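Next come the chains, spelled out residue by residue.
Number of protein chains: 4
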Amino acid sequence: MISFENDYTVGAHSEILNRLIETNMEVLSGYGNDCFTESACIKIKESCGCSNAQIYLAVGGTQTNQLVISALLKDYEGVLSADTGHVSVHEAGAIEYSGHKILTLPSQFGKIRGEELEEYLKKYYADENHEHMVFPGMVYISHPTEYGSLYTRKELCIISQICRSYNIPLYIDGARLAYGIASNETDVTLKDIAVLSDVFYIGGTKAGALCGEAIVFTKNNMPKHFTTLAKQRGALLAKGRLLGVQFDTLFTDDLYYKNGKHAIIQKDKMVRILKNAGYRFYYESPTNQQFVIIENNLLKKLKEKVSVSFWETYDENHTVVRFATSWSTMDADILELETILKSL
Amino acid sequence: MISFENDYTVGAHSEILNRLIETNMEVLSGYGNDCFTESACIKIKESCGCSNAQIYLAVGGTQTNQLVISALLKDYEGVLSADTGHVSVHEAGAIEYSGHKILTLPSQFGKIRGEELEEYLKKYYADENHEHMVFPGMVYISHPTEYGSLYTRKELCIISQICRSYNIPLYIDGARLAYGIASNETDVTLKDIAVLSDVFYIGGTKAGALCGEAIVFTKNNMPKHFTTLAKQRGALLAKGRLLGVQFDTLFTDDLYYKNGKHAIIQKDKMVRILKNAGYRFYYESPTNQQFVIIENNLLKKLKEKVSVSFWETYDENHTVVRFATSWSTMDADILELETILKSL
Amino acid sequence: MISFENDYTVGAHSEILNRLIETNMEVLSGYGNDCFTESACIKIKESCGCSNAQIYLAVGGTQTNQLVISALLKDYEGVLSADTGHVSVHEAGAIEYSGHKILTLPSQFGKIRGEELEEYLKKYYADENHEHMVFPGMVYISHPTEYGSLYTRKELCIISQICRSYNIPLYIDGARLAYGIASNETDVTLKDIAVLSDVFYIGGTKAGALCGEAIVFTKNNMPKHFTTLAKQRGALLAKGRLLGVQFDTLFTDDLYYKNGKHAIIQKDKMVRILKNAGYRFYYESPTNQQFVIIENNLLKKLKEKVSVSFWETYDENHTVVRFATSWSTMDADILELETILKSL
Amino acid sequence: MISFENDYTVGAHSEILNRLIETNMEVLSGYGNDCFTESACIKIKESCGCSNAQIYLAVGGTQTNQLVISALLKDYEGVLSADTGHVSVHEAGAIEYSGHKILTLPSQFGKIRGEELEEYLKKYYADENHEHMVFPGMVYISHPTEYGSLYTRKELCIISQICRSYNIPLYIDGARLAYGIASNETDVTLKDIAVLSDVFYIGGTKAGALCGEAIVFTKNNMPKHFTTLAKQRGALLAKGRLLGVQFDTLFTDDLYYKNGKHAIIQKDKMVRILKNAGYRFYYESPTNQQFVIIENNLLKKLKEKVSVSFWETYDENHTVVRFATSWSTMDADILELETILKSL
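Chains as they are written, first to last, in this note's numbering: chain A, 86 to 429; chain B, 86 to 429; chain C, 86 to 429; chain D, 86 to 429.
Warning: the hint list may mix true and false statements.
EDC-like, lysine to aspartate or glutamate: derived pairs with alpha carbons at most 20 Å apart [what the hints assert, rightly or not]:
no.	chain 1	residue 1	chain 2	residue 2
1	C	Lys-207	D	Asp-353
2	C	Lys-427	C	Glu-380
3	B	Lys-385	A	Asp-212
4	C	Lys-208	D	Glu-397
What the hints contain is simulated information worked out from the structure, not anything from laboratory work.
Just so it is clear, the structure is predicted and the values come from calculations on it, not from any experiment.
Could you build all of it, start to finish, from the sequences and the hints given here?
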């Protein structure tokens with residue numbers, strides 16, 4: 086049984102594990118006050134080309150989104166998101182649990198468009214009763230999106246400029262950012278992300294770490310007493326070293342970039358194989374997640390040998406499934422997939 | 086200057102004021118433990134044909150929605166509402182402030198449809214990852230809706246049955262219920278509302294009271310320690326008599342129904358006048374709110390003599406405005422409107 | 086049966102009722118945008134000697150405390166209060182419901198002391214781990230306190246100075262402020278309250294109104310979009326006129342002060358009668374609430390003829406009860422009390 | 086420089102690290118649906134002698150307390166805790182952030198007493214106005230407490246019985262439970278904890294894991310949809326294997342117990358050395374944390390060579406500091422401490 090189910094099915098990259106072993110018995114302060122966290126932050130800032138960035142290492146994605154959004158928003162504000170956004174659909178209401186509304190925009194394969202964002206904001210402020218409505222206080226996008234799609238540099242610039250003209254921060258969810266910046270079809274770099282956003286996070290969990298997401302405040306805008314806010318939301322890890330060592334390793338010798346690149350290379354191979362085998366793509370994304378339309382009987386057989394994710398029902402006889410590669414996808418997996426597809 | 090701006094521009098119906106005066110110096114217990122609150126509840130139950138209903142008198146509409154919804158939902162649940170629903174758009178995020186997501190359904194002139202509700206619920210439970218999503222824990226509708234539209238008895242039955250088959254309560258916002266049940270074009274009575282819903286509220290503020298909304302739990306389903314929950318949300322009035330006397334009066338000698346009827350009679354006259362004057366209706370509602378498309382220059386002149394509400398931009402040259410009648414709309418107002426329209 | 090149970094057992098002062106009647110049919114804007122609210126605010130500012138104060142009229146006390154405290158505090162902050170404070174004990178957790186901790190200080194008859202406040206703040210900031218603790222972000226006191234006790238001008242100055250030196254606002258709950266400033270034993274005026282606090286509220290409910298509390302931000306420090314924050318907490322009244330007319334009347338021809346004075350005069354008479362009848366005081370407060378120790382058998386007899394409030398158990402054979410006068414306490418009540426006490 | 090600063094200064098026990106390495110490349114489902122989590126739960130249930138326990142693995146202590154308490158309490162309920170309880174003092178208001186009040190009881194070296202608990206509950210329900218107060222809905226204790234103190238079996242039985250008679254759950258915070266049950270001075274076992282509590286957690290972070298706390302619902306009382314509640318609070322880890330593998334290892338071959346025992350043995354040695362060197366104990370606890378009173382000049386010298394934690398100021402010239410041993414305290418550390426103490 087081979088797996089293309091998602092990008093978090095195995096543990097950590099070996100270099101990360103090795104560093105955890107090497108540093109295991111060092112006596113260190115807790116709560117992120119350790120030398121590895123410090124070193125990780127320095128390296129991340131450098132990678133982002135943002136020397137005065139402020140960085141906080143959290144454990145998981147939903148936790149990160151809840152922490153960042155609730156820490157930045159005023160009580161009377163909500164966050165604008167694609168209607169398909171992870172915060173809106175797949176986080177069990179974590180944002181609303183923190184007291185804030187998610188204001189949704191229409192989306193296409195997970196992306197919002199500058200025009201619709203601007204139209205929303207204009208219309209909102211034109212409404213005489215807008216004081217009875219939730220203020221749009223932030224824009225949330227993910228890059229790549231839930232659908233693996235990517236914003237172009239120009240699209241990000243437009244969204245960023247709209248945010249600035251309305252004086253609201255742009256927050257980019259980078260759970261799979263490694264696979265976004267490694268794409269062959271992108272003109273967006275990590276440095277662009279840092280310049281164009283006000284805050285973003287670099288996903289570790291899906292890029293080779295056991296856990297961990299690095300929140301980057303790019304405009305000297307980390308909310309006051311952020312550690313206390315994190316503690317209050319259960320997002321302050323006692324042994325912060327676990328996060329520090331992992332991110333320090335990811336940003337040493339470009340491991341983060343290499344992990345991203347690897348998944349893209351494997352994705353290219355996988356796409357070729359699927360196409361050669363005559364599979365139809367629902368959406369051919371530029372990143373590590375691919376969406377394929379499969380006839381239901383065929384899918385049944387396929388699933389006996391390959392793990393993939395159910396995405397949605399296509400029609401009575403077909404289903405959309407997701408194939409994902411990752412930093413850990415081996416050539417052997419790709420070859421086996423080819424063999425299996427031929428045998429079906 | 087005459088006003089058709091909304092249905093809460095004047096104080097209270099004279100009978101209510103008189104009762105407040107008559108009872109003013111009676112020494113009464115606070116927090117709803119007074120004889121007038123008790124009497125009001127008995128009369129409301131009778132009017133609803135629901136002898137074992139449980140009733141709580143709150144002060145305002147947003148407060149009521151926040152209290153009812155947050156008291157009934159579990160933490161992991163959200164409330165289904167029309168995307169145009171008052172709780173979703175015009176309550177400044179009060180529901181989210183209490184920790185719950187509003188799950189939106191498409192709507193037409195404020196109404197949701199049974200089919201789309203059922204489809205939502207089916208699809209939700211079919212999703213393998215629904216434990217990562219907000220559980221649909223209640224259906225919220227308003228009757229009349231924000232657009233003055235009304236559900237038919239059959240439509241309500243369908244929605245009610247869907248709710249029961251999914252074991253989630255149906256909550257009806259009756260801010261303008263007086264004008265709904267008084268409509269000439271409805272087959273829905275107060276008793277139907279009580280039978281078909283699990284909880285609803287009878288709006289006092291817009292039906293002749295200074296303030297006050299009567300929450301009716303129809304299925305012996307008032308949440309435990311509801312008074313404490315209300316206190317905790319700032320919704321327990323010290324001088325509960327203010328609400329008790331008002332509702333006791335509204336439900337004496339059918340004042341509530343008469344107030345509703347009066348607004349509908351005046352609405353009919355107003356519609357006739359507007360039509361005679363050649364005005365085009367955006368939506369001719371069966372209740373006290375009417376939506377009229379007016380050319381912008383004409384609107385400018387009209388607004389010098391008549392207060393109406395901006396509703397939305399129709400096109401470059403036209404605006405949709407709302408004309409509302411109420412329990413207090415006088416014949417003189419209607420006549421003056423006729424004169425003014427002729428003079429424009 | 087006469088009642089000294091509390092200070093909100095009857096409706097409104099006749100002048101307030103009269104104004105509600107007179108203004109009842111005036112067509113006014115909703116949500117506090119009416120001329121009476123405007124006029125009330127002007128008069129309150131003048132009374133407070135604080136021409137640039139910002140004022141918001143809310144409906145009830147718990148609502149007011151929840152709104153003010155949650156609007157002013159940052160997420161990481163809590164509010165310091167006497168351990169007996171109303172917000173800490175008798176508001177069903179309304180402050181915690183809004184997400185904030187109440188940090189308690191020891192109290193004597195409801196009052197906190199400057200020394201203990203300062204000690205708390207010093208110790209807090211001296212703790213190396215204070216980032217893992219709730220930041221003290223506001224001081225809440227009530228004047229009069231729950232026990233009817235009053236701060237001296239000097240005591241208030243000390244508390245106020247400590248707050249300023251730590252840069253945290255001082256909030257004074259004035260639910261019974263009318264009876265505080267009317268006391269014969271106080272050197273604190275309404276103007277002092279305005280100078281020494283950052284925000285306070287003038288209680289209407291217990292001073293002759295049907296409902297209503299006027300929140301006064303004294304230092305140009307009303308939180309941004311306060312109306313939206315109020316709406317979100319269910320604290321924005323549609324017919325704001327109900328509050329506007331009442332406060333406009335209370336601050337016309339010194340009605341608010343007269344109501345306060347009346348209760349104090351009646352309190353003096355009541356105390357004299359109780360003392361003459363040999364009753365022992367648990368605490369002889371300078372305001373309208375008096376705490377008397379009564380032998381249980383005697384209390385049983387008394388309660389057949391006089392309503393008083395249970396306060397606490399004194400010992401096996403005695404109970405502390407509260408006698409309260411108010412703006413509405415009549416000479417006849419006092420005389421009847423005298424007769425009853427003699428007859429027991 | 087040797088460290089007795091706390092019990093989380095190094096990484097994980099070598100057996101845990103080894104298992105992480107061995108299992109690293111296994112393809113596993115996310116979100117706790119992996120075989121190691123399953124195996125860990127089976128072993129924990131066995132260790133607790135509670136075959137129908139329900140177990141959830143969370144990442145950290147504050148997260149765990151927030152999740153358990155907010156999931157079990159009704160909106161109108163608060164949690165009773167020692168005034169020194171971790172949830173009350175050192176979690177940055179995480180419980181209040183989730184909307185609930187902490188109701189404090191007096192404590193002695195971190196422990197509450199059954200009598201005072203019962204008295205609180207009795208008094209609460211005797212108060213006529215208790216519906217205006219927060220309902221006591223749970224009792225929180227920690228074992229060991231913040232001060233390293235332990236409840237006796239009898240004391241726990243009494244507290245447990247009181248909880249049952251009032252029908253409220255008893256929750257035991259076991260962040261350092263390993264060091265509690267390993268004490269030479271306890272008659273309380275893990276099985277006792279499971280029998281006497283309704284829910285408790287087994288701390289991993291301080292007992293040899295990198296992170297992780299195992300929540301054990303002992304009475305078939307895990308709240309419905311607990312995974313969703315965890316997700317909503319940011320407490321659902323994508324790579325649940327990280328927790329599963331660690332707890333599976335801790336509960337294999339008694340590693341958890343051995344880790345606890347080791348710290349107690351080292352504690353005994355450390356106490357002997359400190360006593361021999363003439364140090365005075367503020368509180369000689371039966372577990373791995375020891376509180377020593379040290380003259381300030383001496384402390385200054387000591388801290389150049391030994392890391393200890395500031396606990397509190399004792400008097401002008403003395404400070405209380407905490408010395409902690411743990412599963413990782415080596416004999417060499419103990420010997421070096423002895424040498425250093427002699428040299429001062």
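Could you check the structure against the hints above and give me the numbers of any it violates, in ascending order? Those not satisfied come down to hint 1.
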